[in-house]
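Engineer: My numbering puts the first residue of the sequence shown at 1, with every later residue one more than the last.
Worth flagging that the hints you see were computed from the coordinates, not collected in a lab.
In silico lysine-lysine, BS3-like type, Cα no more than 25 Å apart, as pairs:
id : residue 1 : residue 2
1  : 36        : 86
2  : 112       : 124
3  : 36        : 97
4  : 112       : 145
5  : 112       : 136
6  : 36        : 72
7  : 72        : 86
8  : 136       : 124
9  : 145       : 124
10 : 97        : 72
11 : 97        : 86
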Amino acid sequence: MTNFPAQAQRAHRFIGTDNRLRMLQTHVNEILRLQKVWHTIVPSGLASVSRIGQIDADTVSIYCDHGAAAAKLRQLIPSISNALAKQGILGQTILVKVRTNAIPNRYREPNKPSISTAGLTELKNLHTELEAGELKDALANLLSKHLGK
1 MTNFPAQAQR
11 AHRFIGTDNR
21 LRMLQTHVNE
31 ILRLQKVWHT
41 IVPSGLASVS
51 RIGQIDADTV
61 SIYCDHGAAA
71 AKLRQLIPSI
81 SNALAKQGIL
91 GQTILVKVRT
101 NAIPNRYREP
111 NKPSISTAGL
121 TELKNLHTEL
131 EAGELKDALA
141 NLLSKHLGK
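Could you put together the complete structure from these sequences and hints?
Structural biologist: Pasting the structure below:
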């Protein structure tokens, strides 16, 4: 534990002195382990808007940010159960719940598509070959956005 800061070492020692805190730490570690498995078995679009919630003796709760993701995950429960069984997590009932504020103010970076350098070169060539018109104007607009001019 010498690689951890002194505050982390103190916290670790404090958790180790109380049975209830040790049980809580074990439970949190199990949720984190299952969360890693979750990201490997669920499509990335759904994994980014869902997370492992509560784990009971025979139930795993999945929290989703919105109803559409919850509906899709409910459709996928049979294949998710099979994938969890392959990972060694057997006999768990999966409950999918919508929790829009489970992680408040979670910021998501907008996915801005980009055009490769070769693609931009080809678009520039096409722009120079086109006659004046709406298509050339639209292409000029696209190029200006991607070239930052």
